[in-house]
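Trainee: Chain by chain, the residues:
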Amino acid sequence: MDVLSFVIVGHVDHGKSTLIGRLLYETDSVPPDKIEEMKAASTELGQKTEFAYLLDHLEEERKQGITIDTTQVFFNTDKRRYVIIDAPGHVEFVKNMITGASQAEAAILIVDADQGVREQTQRHSYMLSLLGVKQVIAVINKMDLVEYSEQKYIEVKDHLRTFLSSVNIEPALYIPISAIKGDNISKSSEHMGWYDGPCFLGSLDSLRKKPSAEQKSLVFPIQDVYKVGDKRINAGRVEAGTIKNGMDIKILPSGEKTQVKTIEKFLSSPEVAAASESIGMTTADPVFLDRGNIVCTTTDEPVLTDKVQANIFWMSKHPFNAGMKLTFRCATQETGCKIENIIRRINSSNLETIDGDNNIIENLEVARIEIRTKKPVAIKDFNDVQELGRFVLVNDGNICAGGIITLLET
Amino acid sequence: MSNNLSHLDALENNSIFIIREAYSQFRNVAILWSIGKDSTTLLWLVRKAFFGQIPFPVLHIDTTYKFPEIYDFREKYAKEWGLNLLVTKNEEALAAGMGPDKSKFQCCNDLKTVALKQAIAKYKFNALYLGIRRDEHGIRAKERVFSPRDEDFEWDYKNQPPELWDQYKTKATEEEHLRVHPLLGWREIDIWEYTKRENIPVNDLYYAKDGKRYRSIGCHTCCGPIDSNAGTVDEIITELANTDISERSGRAQDKEDDYMMQKLRSLGYM
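Protein chains in written order, with the working numbering: chain A, 1 to 410; chain B, 1 to 270.
In short, the hints are calculated from the structure, not lab data. All residues carry an ideal CB built from backbone N, CA and C; glycine is no exception. Mixed in with the good hints there might be a few duds.
Keeping only pairs whose Cα atoms sit at most 20 Å apart, straight-line, the calculated EDC-like set for lysine to aspartate or glutamate is [as the list claims (entries may be wrong)]:
no., chain 1, residue 1, chain 2, residue 2
1, B, Lys48, A, Asp230
2, A, Lys338, A, Asp396
3, B, Lys263, A, Glu37
Covered stretches of chain A (in silico footprint by chain B; criterion: 3 or more residues with CB under 8 Å from a CB of chain B, positions within the stretch not fixed) [said to hold, decoys possible]:
no., region
4, 70-76
5, 265-276
Some chain A residues near chain B, calculated using beta-carbon distances under 10 Å [stated by the list, open to error]:
no., residue
6, Asp2
7, Glu37
8, Leu54
9, Arg81
10, Ala235
11, Thr332
12, Asn398
Kindly produce the complete structure, drawing on both the sequences and the hints.
Mentor: In structure tokens, the structure reads:
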């Protein structure tokens with residue numbers, strides 16, 4: 001049975017945690033003692049049964065009725081196993097939403113039928129697009145509040161569709177639901193005869209797995225080097241392609257060439273290893289690899305450069321300024337870097353260009369920038385090998401931005 | 001079955017990646033071994049990640065209230081696997097008579113959290129591996145893979161660092177240490193299926209005796225057994241696939257007060 005992870009995003013209070021809670025409840029995915037706990041906690045806080053409490057476990061979350069941090073729960077259908085990532089919708093916690101969304105293969109975007117598209121609906125959609133999560137199902141929630149009106153549904157859907165197309169997202173489906181009443185969650189609603197598509201639960205099995213990177217050219221970033229007995233084992237995870245005994249390889253950035261001598265696992269030495277496997281490798285020649293080296297084939301290698309153009313999203317309360325010391329991390333590569341040029345600053349909730357000071361980047365902004373790295377880095381197109389086409393910027397041990405490389409300069 | 005295997009492979013590969021990533025960042029680390037099924041699985045993965053030679057100590061926080069079977073298991077496998085085992089106790093609190101009869105909250109905090117603080121102060125670890133999983137408890141579901149604790153050991157759950165694309169927070173100046181959680185994405189049943197596949201040794205407490213077995217183990221004073229006839233790993237897997245009782249239903253610290261787990265964890269509990 002394969003496993004698919006999806007994130008649920010949208011504006012605060014549009015019903016993300018309630019939808020997931022309801023889904024878990026209707027499919028008997030929660031042990032009875034947890035249901036009891038949910039009911040007891042709801043009563044204690046003077047509320048009706050609050051399905052969101054199956055996700056929102058922090059005292060502050062329950063008392064304020066909002067999700068603060070992203071959480072992950074497991075859920076099964078007959079076809080598949082799911083990891084559901086619930087993300088907070090409040091503007092204060094966008095970095096937690098990004099943390100959740102960055103781990104997802106697909107997204108559920110939820111919009112309140114009564115309130116329509118709001119600030120975080122737009123910002124979250126834009127973030128999904130930047131993160132490369134393009135597989136989206138849109139659900140229009142709280143249909144009970146608009147008397148299950150088809151007209152209202154079409155209105156909200158059209159508005160949403162227009163915005164999503166501006167960030168290059170085309171949802172596979174739009175579904176009208178009421179999470180709190182249970183309409184179109186695990187079975188078709190009697191209140192919306194005008195809708196003939198699948199219910200929310202039924203739509204999930206149509207989501208596709210991210211294709212394996214096995215067919216691509218080898219990318220093997222070195223994590224660490226261990227001395228085991230008289231062997232020097234280069235440890236890491238194969239990010240793309242396959243690696244085989246005897247294969248010709250090139251090591252970046254040095255450009256040295258050698259062959260794979262052995263592939264090492266604990267108590268075994270497989271002939272071959274493929275993308276997503278954590279392995280060890282020894283080389284035929286005594287070349288000295290180090291953390292951050294990228295092992296590739298001799299025929300299709302990443303670009304080695306010290307200058308990249310990228311879209312970054314800033315997620316730190318400390319704005320970027322020219323004096324800030326930044327580290328660039330891409331896969332296991334790590335080097336100092338400098339933002340040399342801020343080409344454009346973008347308001348991530350409405351996509352408008354921010355006029356004025358192009359020397360700073362504030363929290364929640366997206367910026368198109370040029371970066372100069374201290375040491376050359378090995379990069380690939382984001383659409384080819386994501387692991388070498390995206391990076392984070394780190395200040396004093398804290399991740400303050402994520403970025404997608406848009407243009408390579410050699 | 002082959003799909004199932006590849007699912008366990010994915011979990012294993014990902015955990016090994018995290019284990020190696022943390023060691024490359026911190027070096028002066030230790031693994032916390034409670035000798036239950038999860039931390040024993042973690043220990044197994046750590047042995048794999050380093051090709052059988054774990055380059056750091058294995059730390060057991062001993063409350064002295066553990067089941068005798070736990071001590072036997074510890075001694076046996078510490079020897080067999082050549083572990084650098086460190087056992088630590090909060091001697092002061094024990095001498096003063098701390099026990100679960102005083103207050104469960106105080107006992108957990110003093111004999112586990114404070115004992116861990118003492119060990120960190122003594123050995124100056126800057127990161128610790130822990131075998132917690134998201135599906136154990138709603139509070140643990142909120143955890144990061146690399147989770148910072150400040151000098152007072154507090155978990156700032158309202159302001160956790162972003163974590164994306166397998167890039168984690170590294171140590172900043174004001175923090176005391178980081179908790180590293182390689183098993184967050186594993187479910188209870190995954191642990192057992194992997195235990196079966198790898199033939200990882202299992203403490204006898206998990207097997208049913210006279211119609212009862214322990215599903216989660218810790219101190220004998222605060223763990224209750226469940227009704228069960230599962231006497232083998234296969235039977236445990238079948239039981240879990242059909243149960244509707246949650247895993248930690250026998251654990252006192254999850255129950256005493258709605259937010260006891262949150263309070264304990266914010267003070268540095270595991």
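Trainee: Next, verify each hint and record whether it holds.
Mentor: Hints, verified against the model:
Simply put, lysine 48 of chain B and aspartate 230 of chain A have alpha-carbon atoms about 18 Å apart, close enough for the 20 Å limit, and the pair holds. Of the supplied pair hints, the one linking lysine 338 of chain A and aspartate 396 of chain A holds, its CA atoms being roughly 15 Å apart against a limit of 20 Å. Straight-line distance between C-alpha atoms of lysine 263 of chain B and glutamate 37 of chain A comes to about 17 Å, which keeps the hinted pair within the 20 Å bound. For the region 70-76 of chain A, the stated coverage by chain B holds: 5 residues have a C-beta nearer than 8 Å to a C-beta of that chain, and at least 3 were required.
Using a Cβ-Cβ cut-off of 8 Å, 4 residues of the region 265-276 of chain A lie near chain B, which meets the minimum of three, so the contact claim holds. Taking 10 Å as the C-beta cut-off, the interface hint given for aspartate 2 of chain A holds, the closest approach to chain B being about 7 Å. Residue-level restraint check for glutamate 37 of chain A holds (minimum Cβ-Cβ distance to chain B is 8 Å; threshold 10 Å). At a threshold of 10 Å, the smallest CB-CB gap from leucine 54 of chain A to chain B is about 8 Å, leaving the interface hint in force.
Because the smallest distance between the Cβ of arginine 81 of chain A and any Cβ of chain B comes to about 8 Å, under 10 Å, the interface hint for this residue holds. A hinted interface residue such as alanine 235 of chain A counts as satisfied when its beta carbon comes closer than 10 Å to some beta carbon of chain B; here the least separation is about 6 Å, so the hint holds. About 8 Å separates the beta-carbon of threonine 332 of chain A from the nearest beta-carbon of chain B, less than 10 Å, and the hint is met. With 10 Å as the threshold, the beta carbon of asparagine 398 of chain A comes within range of chain B, its nearest partner Cβ sitting at about 6 Å, so the hint holds.
When each numbered hint is compared with the structure, no violation occurs for any of them.
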